[in-house]
Amino acid sequence: MPYRPRSTLEQWRILQAVVDAGGYAQAADLLNKSQSSLNHAVAKLQSQLGVELLEVIGRKAQLTDAGEVMLRRSRVLTQQIEDLELLADNIEQGWEPEIRVAVELAYPKQYLYRALQKFYPQSRGSRVQIIDTVLTGTSEVIVQKKADLVIAGVVPKGYLGEPLYVSRFIPVVGAGHELARLATLDQNQLSQYLQIVIRDTAQKPLENMGWLKAEQRWTVDNFNEAIEILQMDLGFCWLPDFTVTEALAKGSLVQIQLNKSSERLVPMSLLTPQEETLGPGSKQLRQLILAEHLK
Numbered sequence: 096m097p098y099r100p101r102s103t104l105e106q107w108r109i110l111q112a113v114v115d116a117g118g119y120a121q122a123a124d125l126l127n128k129s130q131s132s133l134n135h136a137v138a139k140l141q142s143q144l145g146v147e148l149l150e151v152i153g154r155k156a157q158l159t160d161a162g163e164v165m166l167r168r169s170r171v172l173t174q175q176i177e178d179l180e181l182l183a184d185n186i187e188q189g190w191e192p193e194i195r196v197a198v199e200l201a202y203p204k205q206y207l208y209r210a211l212q213k214f215y216p217q218s219r220g221s222r223v224q225i226i227d228t229v230l231t232g233t234s235e236v237i238v239q240k241k242a243d244l245v246i247a248g249v250v251p252k253g254y255l256g257e258p259l260y261v262s263r264f265i266p267v268v269g270a271g272h273e274l275a276r277l278a279t280l281d282q283n284q285l286s287q288y289l290q291i292v293i294r295d296t297a298q299k300p301l302e303n304m305g306w307l308k309a310e311q312r313w314t315v316d317n318f319n320e321a322i323e324i325l326q327m328d329l330g331f332c333w334l335p336d337f338t339v340t341e342a343l344a345k346g347s348l349v350q351i352q353l354n355k356s357s358e359r360l361v362p363m364s365l366l367t368p369q370e371e372t373l374g375p376g377s378k379q380l381r382q383l384i385l386a387e388h389l390k
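Each residue of the sequence shown is one higher than the last, beginning at 96 in the numbering used here.
Since the hints were made in silico from the structure, they are not lab data. Hints may be right or wrong, so weigh each one.
[As the list claims (entries may be wrong)] FRET-style restraints, in silico, Cβ to Cβ:
id, residue 1, residue 2, range
1, Gln298, Tyr215, 26 to 34 Å
2, Glu193, Asp115, 27 to 35 Å
3, Pro375, Leu172, 25 to 33 Å
4, Glu193, Glu387, 16 to 24 Å
5, Pro100, Asp336, 56 to 64 Å
In this text the structure is predicted, and so the values were computed from the model without any measurement. For glycine and all other residues, C-beta sits at the position ideal for the given N, C-alpha and C.
All chains, please: the whole structure from these sequences, using the hints.
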């Protein structure tokens, strides 16, 4: 047989009110109910559970040890119900239950995290899904409209992006690698060495993106894996400067000096692939992300 609850949410809310207000009389005024109805509700709750939750000492109702535990758990339950009902109201009003944010791996996420920190109190229970993307994988998400908000390094033709940040890529190697001992070298020399590259997340990646000049390549999923391999003095890699600041300061990684450009600049932009159907939550988060870059 399916489980049938012995208690009701209303009973738990009354118990919480009695405890929070400091007694039955005070809770009755707060809830605009008679004191006798509150006494009856709590007494019935205790009878149904077979557990004493409150004891009256003098004129004040105090929790028993069991009551302390069950009251704490009941607050979680009633809050979940409130959140569920609020979510239903938000969906009915067009506030999306989930917001998908696709982020190019070369974007420093602390900006996004600060925006999310401000967004959380007003998020109305919306889930947020953060999707890491790389190179043409980011463009694919935009064109196929797989996310509500997209932070991209390349804006596909036909789309407009709002400027956020310029990522600076630099070529780095481990401190013990032979390239670390060269004062300067050209791109042709560099192409003779093993290159560590980050996997393009597109289903059909374009080989001409990502400065893939070396014939020998090892492909990894993220910057942390690339850095670990580099620190073993294997290969070189173009990485955003913010990902290697600490390693460069410690001396475990060294920046390669090229006789031409020793850096690549990639402007990051915020796009909304479905502007016409963008929900209020996504719009609010978009404004918060933009605001982080205006400071």
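**Request:** Using the beta carbons of Gln298 and Tyr215, state whether their distance is inside 26 to 34 Å or not.
**Result:** 33 Å, holds
**Message:** If I claimed the Cβ atoms of Glu193 and Asp115 lie 27 to 35 Å apart, would that claim hold in this structure?
**Reply:** 34 Å, holds
**Request:** Can you let me know if the beta-carbon spacing of Glu193 and Glu387 is within 16 to 24 Å?
**Result:** Once the Cβ atoms are compared, 22 Å apart, the range 16 to 24 Å for Glu387 and Glu193 holds.
**Item:** Beta-carbon spacing of Pro100 to Asp336 - inside the hinted bounds 56 to 64 Å or not
**Value:** Since Pro100 and Asp336 have Cβ atoms about 58 Å apart, the given range 56 to 64 Å holds.
**Request:** Determine whether the Cβ-Cβ distance between Pro375 and Leu172 falls within the hinted range of 25 to 33 Å.
**Result:** Taking Cβ atoms as reference, Pro375 and Leu172 lie about 29 Å apart, which means the hint holds.
The earlier numbered hints are all upheld by this structure, with none contradicted.
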